[in-house]
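Participant: Hey, can you work out the whole structure from these sequences and the hints?
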Amino acid sequence: IHANFEPEDAIERPLSQFFDLDENRLKSLKRHIKTALTLSSPSFFTTDSNHYLLPMKNSVTTKLVFEFMQQDITILPYDKEKKQVTLLIYDQTSLMEEKMRCDQESEALAQAVKVANTTIKKLETAKNKLIKQKDIIYQQAHCDHLTSLPNRTVLNQRLHRLIENNLETGKKFGVLFLDLDNFKKINDTLGHDVGDMILIHIAKTLLLCTRKTDTVTRFGGDEFIILIDSIEDEETLKNIASKLIETIGQPIQIRHHHLHVTASIGVSLFPKHGTDFNALIKNADLALYLAKADGRDTYRIHP
Numbered sequence: 043i044h045a046n047f048e049p050e051d052a053i054e055r056p057l058s059q060f061f062d063l064d065e066n067r068l069k070s071l072k073r074h075i076k077t078a079l080t081l082s083s084p085s086f087f088t089t090d091s092n093h094y095l096l097p098m099k100n101s102v103t104t105k106l107v108f109e110f111m112q113q114d115i116t117i118l119p120y121d122k123e124k125k126q127v128t129l130l131i132y133d134q135t136s137l138m139e140e141k142m143r144c145d146q147e148s149e150a151l152a153q154a155v156k157v158a159n160t161t162i163k164k165l166e167t168a169k170n171k172l173i174k175q176k177d178i179i180y181q182q183a184h185c186d187h188l189t190s191l192p193n194r195t196v197l198n199q200r201l202h203r204l205i206e207n208n209l210e211t212g213k214k215f216g217v218l219f220l221d222l223d224n225f226k227k228i229n230d231t232l233g234h235d236v237g238d239m240i241l242i243h244i245a246k247t248l249l250l251c252t253r254k255t256d257t258v259t260r261f262g263g264d265e266f267i268i269l270i271d272s273i274e275d276e277e278t279l280k281n282i283a284s285k286l287i288e289t290i291g292q293p294i295q296i297r298h299h300h301l302h303v304t305a306s307i308g309v310s311l312f313p314k315h316g317t318d319f320n321a322l323i324k325n326a327d328l329a330l331y332l333a334k335a336d337g338r339d340t341y342r343i344h345p
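Okay, so the sequence shown: first residue is 43 according to this note's numbering, each after it adds one.
To be clear, the hints were calculated from the coordinates, so they are not data collected in a lab. None of the values given here were measured: they were computed from a predicted structure. Heads up, some of the hints might be wrong.
[What the hints assert, rightly or not] Simulated crosslink set (EDC-like; lysine to aspartate or glutamate; CA at most 20 Å straight-line):
| no. | residue 1 | residue 2 |
| --- | --- | --- |
| 1 | Lys214 | Glu288 |
| 2 | Lys176 | Asp186 |
| 3 | Lys246 | Asp186 |
| 4 | Lys324 | Asp271 |
| 5 | Lys334 | Glu288 |
| 6 | Lys285 | Asp336 |
| 7 | Lys213 | Asp275 |
Facilitator: Shown next, in the form of structure tokens:
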């Protein structure tokens, strides 16, 4: 039984197996039970046949265990809406399971590891598979699959949050719309695999050139949008944009190719160039076109 649950939490029903015991089998069971308890995770405790908690050695007893001591835990209420863990006992032919409640932080999988004759060898805890699945789903929904940067969904959320916060505080922030120059030609001549490696390199460069409080996102294709929070004036944005242009323009080697990649950047400033999502993105995009028209490998701030 997993020990990390709140006082109101309980198992759904006791899990038990009955055997016809002779003296040899009883000795064998005692030996294996001792082994199981010795090797088990400290997160487990045991009950007697009446479902009362048994005293355990200090290494596995916690405050929660003492609070439950001498209580019949089967009488505690069960709420199916709460997170659950599953006690699984495997053998070669069958699967038995029981559900226990726990808080979200202690959500775990309780698994009984058995040998061929279905004797429990040890109990183990493992992070709930559902949590891993949720992490994967979140990653797919919020991160670009190639660069692992936040995607448009995250950009939308964070830009709206910045707008809301800075409308209240009166502070400024900047939006940088970055596009790689002549990237299509690179893809067409060197192949998309090289193009992908360049995008990954650019993503890492952008992260190195910005602060942890800033947000670097892949907008799509060879376009990136960067949110620069808490700035004093346009000069701050100019310095950041210049640094990005200079750093990206450094020669790089992808496989056996020596490349000189450049980028153009359009900049908009909150609240001067807009106080909503669409206006800030649109005006940064317009400034980007001005940078392209002026010969690329440069930045422009929206007029």
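Participant: If a hint holds in the structure, say so; if it doesn't, say that too.
Facilitator: These are the hints, each one checked on the structure:
1. Lys214 x Glu288: Status violated; Cα separation ~25 Å.
2. Lys176 x Asp186: holds (17 Å)
3. Lys246 x Asp186: Given that 20 Å is the threshold and the Cα spacing comes to 13 Å, the pair holds.
4. Lys324 x Asp271: The given pair, whose Cα atoms are some 18 Å apart, holds under the 20 Å limit.
5. Lys334 x Glu288: holds (16 Å)
6. Lys285 x Asp336: holds (18 Å)
7. Lys213 x Asp275: Holds: lysine 213 and aspartate 275 sit about 10 Å apart, inside 20 Å.
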